[in-house]
Amino acid sequence: MERDATIPPQIAVPFWNDPAKRAIVFQAVVLALVLGLGYYLFSNTQANLQRQNIATGFGFLSRESGFEIGESVIPYSAADTYGKALLVGVLNTLKVSFIGIIITVVLGTIVGIARLSTNWLVSRLAGWYIEVLQDIPVLLQLFFWYAIFYETLPSPRQALNPMWGVFLSNRGLYMPIPEAHPAYRYAALAFVAACVLVYFLRRWARRRQEQTGQPFPTVRVGLALLVGMPVAAWGLGGAPTAMSVPHLSGFNFKGGMSFSPELGALMLGLILYTSAFVAEIVRAGIQSVSHGQTEAAMSLGLTTTQTLNLVILPQALRVIVPPLTSQMLNLTKNSSLAVAIGYPDFVSVANTTINQTGQAIEGVALIMAVYLCFSLSTSVFMNWYNRRIALVER
Amino acid sequence: MTAPGSPTPAAPPKEEVRAPVPRIEVLRWMRENLFNGWYNSILTVVTLYGLWKVVPPLIRWAFMNSCWVTTAEECRKATGACWSVVTSNIRFIVFGFYPHDQQWRPLVAMLMLVAMLFYTRDRRHWKRSLVYMWIAALVIMGVLMKGGVLGLPSVDTTQWSGLPLTLLLSVFGMVAAYPLGVLLALARRSRLPAVKSLAVAYIEMIRGVPLISLLFMSSVMFPLFLPEGVTINKILRAQVAIILFTAAYIAEVVRGGLQAIPRGQYEAAESLGLNYYLTMRLVILPQALKIVIPPTVGILISAFKDTSLVVIIALYDVLNTTKSVLSNPQWMGFSTEAYIFLALVYFVCCYAMSNYSRRLEQELGT
Numbered sequence: 021m022e023r024d025a026t027i028p029p030q031i032a033v034p035f036w037n038d039p040a041k042r043a044i045v046f047q048a049v050v051l052a053l054v055l056g057l058g059y060y061l062f063s064n065t066q067a068n069l070q071r072q073n074i075a076t077g078f079g080f081l082s083r084e085s086g087f088e089i090g091e092s093v094i095p096y097s098a099a100d101t102y103g104k105a106l107l108v109g110v111l112n113t114l115k116v117s118f119i120g121i122i123i124t125v126v127l128g129t130i131v132g133i134a135r136l137s138t139n140w141l142v143s144r145l146a147g148w149y150i151e152v153l154q155d156i157p158v159l160l161q162l163f164f165w166y167a168i169f170y171e172t173l174p175s176p177r178q179a180l181n182p183m184w185g186v187f188l189s190n191r192g193l194y195m196p197i198p199e200a201h202p203a204y205r206y207a208a209l210a211f212v213a214a215c216v217l218v219y220f221l222r223r224w225a226r227r228r229q230e231q232t233g234q235p236f237p238t239v240r241v242g243l244a245l246l247v248g249m250p251v252a253a254w255g256l257g258g259a260p261t262a263m264s265v266p267h268l269s270g271f272n273f274k275g276g277m278s279f280s281p282e283l284g285a286l287m288l289g290l291i292l293y294t295s296a297f298v299a300e301i302v303r304a305g306i307q308s309v310s311h312g313q314t315e316a317a318m319s320l321g322l323t324t325t326q327t328l329n330l331v332i333l334p335q336a337l338r339v340i341v342p343p344l345t346s347q348m349l350n351l352t353k354n355s356s357l358a359v360a361i362g363y364p365d366f367v368s369v370a371n372t373t374i375n376q377t378g379q380a381i382e383g384v385a386l387i388m389a390v391y392l393c394f395s396l397s398t399s400v401f402m403n404w405y406n407r408r409i410a411l412v413e414r
Numbered sequence: 023m024t025a026p027g028s029p030t031p032a033a034p035p036k037e038e039v040r041a042p043v044p045r046i047e048v049l050r051w052m053r054e055n056l057f058n059g060w061y062n063s064i065l066t067v068v069t070l071y072g073l074w075k076v077v078p079p080l081i082r083w084a085f086m087n088s089c090w091v092t093t094a095e096e097c098r099k100a101t102g103a104c105w106s107v108v109t110s111n112i113r114f115i116v117f118g119f120y121p122h123d124q125q126w127r128p129l130v131a132m133l134m135l136v137a138m139l140f141y142t143r144d145r146r147h148w149k150r151s152l153v154y155m156w157i158a159a160l161v162i163m164g165v166l167m168k169g170g171v172l173g174l175p176s177v178d179t180t181q182w183s184g185l186p187l188t189l190l191l192s193v194f195g196m197v198a199a200y201p202l203g204v205l206l207a208l209a210r211r212s213r214l215p216a217v218k219s220l221a222v223a224y225i226e227m228i229r230g231v232p233l234i235s236l237l238f239m240s241s242v243m244f245p246l247f248l249p250e251g252v253t254i255n256k257i258l259r260a261q262v263a264i265i266l267f268t269a270a271y272i273a274e275v276v277r278g279g280l281q282a283i284p285r286g287q288y289e290a291a292e293s294l295g296l297n298y299y300l301t302m303r304l305v306i307l308p309q310a311l312k313i314v315i316p317p318t319v320g321i322l323i324s325a326f327k328d329t330s331l332v333v334i335i336a337l338y339d340v341l342n343t344t345k346s347v348l349s350n351p352q353w354m355g356f357s358t359e360a361y362i363f364l365a366l367v368y369f370v371c372c373y374a375m376s377n378y379s380r381r382l383e384q385e386l387g388t
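Residue numbers (my numbering), protein chains in the order written: chain A, 21 to 414; chain B, 23 to 388.
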């Protein structure tokens, strides 16, 4: 409470005026209050649970769930356990967040740059995009897109066909994908290998530049590797070109890749809502780098690309990345609204589990624990990043 | 010399400074803002083409071919938008299950709230008396909604719904969360390890989980926390969840303000012999809270938007009353129009608030 005062030892201070002792007493009182409240709630809960004959503990996780989940990344059936059902939910949440974050960042960057365009029309449109989408609750946007999918789009028989092989109906979006073939697995492996290669290439190029001053076209060579190696692997694997095209059979489409209306509405709503915030962050980040920096870089004789890569982006990213990560986390947290439109994300599955088993405390605790894991790992990353990019001053 | 009586040409020599011809201005403006360079010209043309493709059909749908006050059957025949779904059900959308003959009461309460907000907008009115006015206004609004005194029939809180519920959850959420948030921020900046770690744990935990998990907690776990026989109604439970959630965010904003206060201010207060409580109340908080007014309005905006989440625990806020109109077979299929109307309501409220916060930011010069 009080600062440590330097008191001459000869004056005896009554303990209620000694800051150090008062601090201890105050903390003890606060702790006692919090613990007392905790104990009160705990004992009430215990009594209530005993009265209602609800067993506590996570034993229910290994029982058979008995409900189907519409969409799943891993194979799942109603005969599997609650634990596996919840795992399916976590994976669905991660899938939505992962794809959503990538598209959101790309879209938000485009809109943010458009907001700064010298073209009046483009800048104005981007401004309205940001203003309108930020000011409408994300849940309302989800309901809106879901209603558009369900009510406005035609049935599969009259599905919209905007381009070859792509069908849009109230059962979802269907598009062609290549038929399964081992060549694609080789290509994926080649892509991973290319990523590793590019990482080491970049490190080597940077070290060489620091030692000799010779630059190396890392971006161009890296892109060539990232594109070229998978294509080469695909060609060596037999260059399969067969496509699985969706076709109408009965009341719905078969084949191809599909997005359900729930997933479509969820993605669309989350991406549009979050990208408006990301656009504002990108705009602010770019504006934070003063024009003098560009001029200084040009007067050093750097090319436009070098100016962007070596001068502008490192400074803008320092401003952009921290709020950007918190928006990514927001998107992940907002994906829990999937429960309102019936997409089986983690909260939705946990909600079903709570309703079926009555294990409310365990269910809510699991929801909180999973989201806390997400946000804690994000803040670990953020701390690492902030340390890495912190301004090194004299 | 002029003869008396004859009109004197007092006008200065006729050399009018003409306003620039507007047409040229427009052309120059267009050249500077839309067609500077081939790249921007292409961008403009493409954008205009896109707008030409989208906007006229939209206007035809929304205004020209639309129905405004018709029955659902006439709507189904029309090719345009059916705004009748809103106009025919407006009373239910706004007031929900509040007794029909008593709906003037939430209306008066809402008008009072709007009047108070307008009065508060002006910074000249920011005095101590304003706080008392707000407290009085909130009490009157509560009495109007609840009734039971002054000859007003009592209305059960289970019937509170629609827009009044949305406003109630956000306004009371904010009012109660603010002091709690300030306390948490002070606790987080405290030098006492026990107090500080409790505050950090609380703030980080709440900020790490989605609001919906707290709402689930309030609807399924809260009843278990209470002693046998005690029940708290559903709206109050959701309100508590919203307060606990918003307080953590306010705490972070206020902490930012506290961090911005230079050390010299603490030292000056100390040298005046002020104790901790007086230092905070008279020196630190007045400065810190002033800095964070604009971001606090930002939190108010998101709290207002977030109240829509109570749909998921089956409270009838304005979003849920709209949804239940749409589940009526007669009006099924007109969701787009109803949601657009609701989006407009939210947009107007949030836009007004965010504009205000931007203006305030400039005025306060922070």
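Watch out, some of these pointers could steer you wrong.
Said to hold, decoys possible - Think about it this way: if two alpha-carbon atoms lie no more than 20 Å apart in a straight line, the pair counts; the simulated DMTMM-like pairs of lysine to aspartate or glutamate are:
id, chain 1, residue 1, chain 2, residue 2
1, A, K274, A, E84
2, B, K99, A, E171
3, B, K345, A, E84
4, A, K104, A, E84
5, A, K115, A, E84
6, A, K104, A, E91
These are computed hints drawn from the structure, not numbers from a lab.
Nothing here was measured: the structure is a model prediction, and the numbers come from that model.
Hints not upheld, ascending by number: 1, 3, 5
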